[in-house]
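Visitor: Using the sequences provided together with the hints, build the complete structure.
Take UniProt numbering: the last position of the sequence shown gets the number 267, and nothing is skipped along the way.
Simulated from the structure, these hints should not be mistaken for lab results. Be careful, since some hints might not be right.
Unchecked claim - 16 Å max Cα-Cα, derived EDC-like pairs, lysine to aspartate or glutamate: (1) Lys135 - Asp159; (2) Lys135 - Glu158; (3) Lys168 - Asp217; (4) Lys205 - Glu184; (5) Lys168 - Asp211; (6) Lys205 - Asp179; (7) Lys205 - Glu158; (8) Lys168 - Glu197; (9) Lys135 - Asp97; (10) Lys135 - Asp179.
Claimed, not checked - Computed spacing ranges between beta-carbons, pair by pair: (11) Ala95 - Ser2: 44 to 52 Å; (12) Arg182 - Pro157: 17 to 25 Å; (13) Met1 - Glu184: 40 to 48 Å; (14) Asn98 - Thr143: 43 to 51 Å; (15) Thr91 - Thr156: 43 to 51 Å; (16) Pro194 - Val36: 38 to 46 Å; (17) His116 - Val199: 28 to 36 Å; (18) Asp243 - Glu16: 16 to 24 Å; (19) Ala228 - Thr27: 36 to 44 Å; (20) Asp17 - Ala226: 28 to 36 Å; (21) Val209 - Pro4: 14 to 22 Å; (22) Thr27 - Glu188: 20 to 28 Å.
Please read all numbers here as calculations on a predicted model, not as lab measurements. Ideal placement from N, C-alpha and C gives every residue a C-beta, glycine not left out.
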Amino acid sequence: MSTPIRASSVLPGRREDIELHTADGLTLVGELARPVDREPVATLVCLHPLPTHGGMMDSHVFRKAAWRLPALADLAVLRFNTRGTSSVRGTSGGAFDNAVGERFDVAAAIEYAEFHELPDIWLLGWSFGTDLTLKYGCDPAVTGAILLSPPLRYSTPEDLAHWAEAGKPLTALVPEFDDYLRPEEARERFAAVPQAEVVGVPGAKHLWVGDAETVLDEVVRRVNPATAVPLPTTWDGPMETGDVSAYADRTVAAFADRPVPGPAAGD
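Guide: The structure is reproduced here in structure tokens:
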């Protein structure tokens, strides 16, 4: 009997707690989710929104990706807390470093995926995580990147030029009503990257509340095009229910009205 897939639904997967070790000596906590009975066809390395504004490895789109995509799209999903960030999984070492020291965090995640021979590595950045992706993610081991709500706050023209030169696939999913960068301006800014695809998402906002399914469909469409989208909304098998109560007062949405800092002076 088919059961509806809800926000808290956890579909079958092999999930293990992992640790990442950075070149500057920090230990970062994370999780790797893979399909139960087969190898993944591709890998998502998730880079979360600003930890100073509630961003973490469990930010809702990433949590749903880890709970659904191993079963629905044969993907591995690697999530982790950047330096100084906390979630139910734990707290990563170090402290938030305004997109500077985080370069080591991105490198550690890519290195982990490489060392464990995870296939076809894609970076999935959201908000602050898109800046980390653009600044530090254009790595030889990375196939391409998908950006959710890119504010282009910390990224520089040089970062975009690096992606342009590399020619790696780059897709930006931009909400129609984004707080920081809307589709028309995004197309102008990303014009510096000839291969960049900017997808405006009607009705969506920066936090993707109510639009996670649209995001997951667009991600799967690019990372595993052999999987039909839209993804199923029901499941005919075992299903668990995840505990999301820990985040009742600590979702990204709870921080939406706080001022968002830009790069530190002199950066």
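Visitor: With 20 to 28 Å as the target window, see if threonine 27 and glutamate 188 comply at their CB atoms.
Guide: Violated - the Cβ-Cβ distance for threonine 27 and glutamate 188, about 41 Å, lies outside 20 to 28 Å.
Visitor: Do the beta carbons of threonine 91 and threonine 156 sit within 43 to 51 Å of each other?
Guide: 30 Å, violated
Visitor: Does aspartate 179 sit within 16 Å of lysine 205, going by the straight-line distance between their CA atoms?
Guide: Between lysine 205 and aspartate 179 the Cα gap is close to 7 Å, so the pair holds against 16 Å.
Visitor: Verify the proposed pairing of lysine 168 with glutamate 197, using a straight-line Cα cut of 16 Å.
Guide: 11 Å, holds
Visitor: Decide if the proposed pair is consistent with the structure: lysine 135 and glutamate 158, CA atoms, cutoff 16 Å inclusive.
Guide: 9 Å, holds
Visitor: Lying within 14 to 22 Å: is that true of the beta-carbon distance valine 209 to proline 4?
Guide: Holds: the Cβ-Cβ distance is about 19 Å, inside 14 to 22 Å.
Visitor: Taking 36 to 44 Å as the stated bounds, is the beta-carbon spacing between alanine 228 and threonine 27 within them?
Guide: 39 Å, holds
Visitor: Holds or violated: lysine 205 and glutamate 158, Cα atoms, limit 16 Å.
Guide: 28 Å, violated
Visitor: Holds or violated: the 38 to 46 Å window for the beta-carbon distance between proline 194 and valine 36?
Guide: 40 Å, holds
Visitor: How does the Cβ-Cβ distance of aspartate 17 and alanine 226 compare with 28 to 36 Å: does it lie in that range?
Guide: 30 Å, holds
Visitor: Next pair to validate is lysine 168 with aspartate 211; report whether the Cα-Cα distance is within 16 Å.
Guide: 26 Å, violated
Visitor: What's the verdict on lysine 135 and aspartate 97, does the C-alpha distance respect the 16 Å limit or exceed it?
Guide: 14 Å, holds
Hints 3, 5, 7, 10, 14, 15, 22 from the list above are not met by this structure, while the remaining hints are.
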